[in-house]
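Same order as they appear, the protein sequences are chains S and Y.
Going by my numbering, the first residue of the first sequence is number 203, and it counts up by one from there.
Going by my numbering, the first residue of the second sequence is number 7, and it counts up by one from there.
Everything labelled a hint here was simulated from the structure, so no lab data went into it.
Note that the coordinates shown come from a computational prediction; the quantities given were computed from them, not determined experimentally.
Mixed in with the good hints there might be a few duds.
As the list claims (entries may be wrong) - Here are the simulated lysine to aspartate or glutamate pairs, DMTMM-like style, with alpha carbons at most 20 Å apart:
| no. | chain 1 | residue 1 | chain 2 | residue 2 |
| --- | --- | --- | --- | --- |
| 1 | Y | Lys-64 | Y | Glu-94 |
| 2 | Y | Lys-74 | Y | Glu-21 |
| 3 | S | Lys-215 | S | Glu-304 |
| 4 | Y | Lys-64 | S | Asp-287 |
| 5 | Y | Lys-55 | S | Glu-304 |
| 6 | Y | Lys-119 | Y | Asp-14 |
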Amino acid sequence: ETGVTQSPTHLIKTRGQQVTLRCSSQSGHNTVSWYQQALGQGPQFIFQYYREEENGRGNFPPRFSGLQFPNYSSELNVNALELDDSALYLCASSLAAGATGETQYFGPGTRLLVL
Amino acid sequence: AQSVTQLDSHVSVSEGTPVLLRCNYSSSYSPSLFWYVQHPNKGLQLLLKYTSAATLVKGINGFEAEFKKSETSFHLTKPSAHMSDAAEYFCVVKAGAAGNKLTFGGGTRVLVKP
Numbered sequence: 203e204t205g206v207t208q209s210p211t212h213l214i215k216t217r218g219q220q221v222t223l224r225c226s227s228q229s230g231h232n233t234v235s236w237y238q239q240a241l242g243q244g245p246q247f248i249f250q251y252y253r254e255e256e257n258g259r260g261n262f263p264p265r266f267s268g269l270q271f272p273n274y275s276s277e278l279n280v281n282a283l284e285l286d287d288s289a290l291y292l293c294a295s296s297l298a299a300g301a302t303g304e305t306q307y308f309g310p311g312t313r314l315l316v317l
Numbered sequence: 007a008q009s010v011t012q013l014d015s016h017v018s019v020s021e022g023t024p025v026l027l028r029c030n031y032s033s034s035y036s037p038s039l040f041w042y043v044q045h046p047n048k049g050l051q052l053l054l055k056y057t058s059a060a061t062l063v064k065g066i067n068g069f070e071a072e073f074k075k076s077e078t079s080f081h082l083t084k085p086s087a088h089m090s091d092a093a094e095y096f097c098v099v100k101a102g103a104a105g106n107k108l109t110f111g112g113g114t115r116v117l118v119k120p
């Protein structure tokens, strides 16, 4: 167990709806990264938050947005859901954003199904 | 830019025999390299990491990997496979300069036969 928790574990939404996924980072970690893992593929970087500010973004549209709170927990929000958004969403926490050898510790993920 | 290629999408081994998972990377900067394992319906667990120290890295559960800069490779090995090693394995690169994202390979699914 990494100490990173995510909620909910599973979620079913319909196309066009909005969804919020939550992540609690490991104690002492100030950085949270979000990844999307489509079925049969490796995870893809969505964005990272460091001390409540976005600290890098992958190739995802603006309808993917996030927040980080003072306690370093984080939310991923996806608007106008599309069928291709169906995936496992992984949150990872780490101690120092961008540091050489920084290790990211992953939560169990939220599996989102868009119908 | 950085990228990772895992050369085998599936590997099948017998219990007690060696495991080799192949990974090649591309990075504009000195990379940090990682291997993560994902068991069914579980999150990702770190096996080991390379961060420009010793080129032979030992990880958990008997796994090790060797960084070869000349070959841009970071292959993962284990001398003797166990049934519990059946899982998906990801090779991951993180760029050295302001690198705040992990870039994952496509994964290698390992099947262990009794």
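To see whether the hints hold, each was checked on the structure:
1. Y:Lys-64 <-> Y:Glu-94: holds, 19 Å
2. Y:Lys-74 <-> Y:Glu-21: Given that 20 Å is the threshold and the Cα spacing comes to 28 Å, the pair is violated.
3. S:Lys-215 <-> S:Glu-304: This hinted pair is violated, its Cα atoms lying about 34 Å apart.
4. Y:Lys-64 <-> S:Asp-287: Since the Cα atoms of Lys-64 of chain Y and Asp-287 of chain S sit roughly 37 Å apart, the hinted pair is violated (cutoff 20 Å).
5. Y:Lys-55 <-> S:Glu-304: The hint holds at about 10 Å.
6. Y:Lys-119 <-> Y:Asp-14: Holds: Lys-119 of chain Y and Asp-14 of chain Y sit about 18 Å apart, inside 20 Å.
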